Amino acid sequence: MKKHLTIITMAAVALLSSCGSSDNSAATVAVQEEKPKVKIANTTVQDVEQLEEYTTTVEAEVKNNISPSSALRIGKILVEVGDNVSKGQKLVQLDASNLEQLALQIENQKVEYNRISELYKVGGASKAELDNAKTALDVNIKAYNNKLENTVMRSPINGVVTARNYDDGDMSGSAPILVVEQIAPVKMKINVSEPHYAKIDKKTEVKAQFDAYGDEEFPATVSIVYPTINAATHTFPVELKITNKERRVRPGMFGRVTVNFGTKSHVVVPDQAVIKQLGSGDYFVYVYNNGKVSYNKVTLGRRMDDKYEIIDGIEPGAQVVIAGHNRLADNVEVEVIK
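Numbers in this note's numbering are just positions in the sequence shown, counted from 1, shifted up by 48.
Mixed in with the good hints there might be a few duds.
In silico BS3-like links for lysine-lysine, alpha-carbon gap of 27 Å or less [unchecked claim]:
1. K85 - K250
2. K312 - K250
3. K158 - K175
4. K135 - K158
Keep in mind the hints are simulated off the structure, nothing from the lab.
Since this is a predicted model, take the numbers as computed values, not measurements.
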């Protein structure tokens with residue numbers, strides 16, 4: 049009986065041993081199958097245009113406020129908002145009643161001056177009386193000429209009327225009667241970061257887009273590069289011009305300006321390799337090397353169709369993960385699949 053028990057016990061031990069070996073093999077296979085499967089791609093190095101985008105607002109090349117030198121009643125405004133005007137064109141006729149009264153006064157003063165002048169010749173008037181009469185006449189003649197010049201308001205430029213602040217019969221006040229702006233060309237101003245100071249001049253390529261015209265591009269030229277850097281922002285102003293011959297671009301329009309600062313040789317990766325870190329503005333890429341992946345924080349440059357320019361964070365020639373990111377972490381072993 050003891051012999052039978054011994055045989056049964058040995059058989060059970062053998063069976064358990066056999067089952068344990070099988071379980072270990074399955075666990076080993078399971079561990080091997082737990083390696084994340086990834087797809088990888090080669091990076092490239094290429095010359096990338098260094099484009100920077102800036103927001104701006106369009107301004108008139110010249111803006112003139114049409115106002116008299118003193119408050120006068122408005123006789124008639126001859127133009128409306130939106131009218132194109134030419135240099136020298138009559139825009140406003142002011143009330144001339146005061147001018148007529150002054151003209152009559154001058155005529156009387158001329159008569160008085162001539163009378164005193166004749167008396168002075170025969171000793172009937174003093175030199176002081178003659179000088180006083182001449183001074184009074186000259187003062188009113190000058191006042192007349194000034195009022196005459198301000199009775200008719202003319203446009204100093206070729207442009208368009210952009211504001212009208214009064215009606216016929218109103219007394220002019222602090223606001224201009226009209227505003228005339230030159231909109232061919234128009235100008236824009238952008239603030240460029242200090243590192244680009246030596247890279248921008250009147251040959252720099254500039255393109256502008258406006259919300260009113262979608263993706264249509266308007267060529268612009270650099271007209272002024274300001275000679276100083278703002279110490280607080282480390283930027284400097286740059287003024288741009290658009291010829292605007294067709295007058296499609298108008299003052300006040302919101303625009304985006306793209307400036308080309310030349311090219312640089314940088315690593316380029318597929319956009320599928322770039323992952324945004326949740327809760328921050330950081331981006332990273334998993335780099336594959338010898339069966340493992342490393343977590344690399346990167347600085348992005350331009351997006352070019354389905355690729356990203358990498359300013360910093362990846363060495364040339366690296367291989368990057370483009371699929372299978374879900375189970376990855378730094379220094380994890382992976383299985384590469386095609």
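Each hint, compared with the structure:
1. K85 - K250: Answer violated: K85 to K250 is near 53 Å, above 27 Å.
2. K312 - K250: Holds, because 21 Å separates the two Cα atoms, which is no more than 27 Å.
3. K158 - K175: holds, 17 Å
4. K135 - K158: violated, 36 Å
Violated hints, in rising order: 1 and 4; the structure is consistent with all others.
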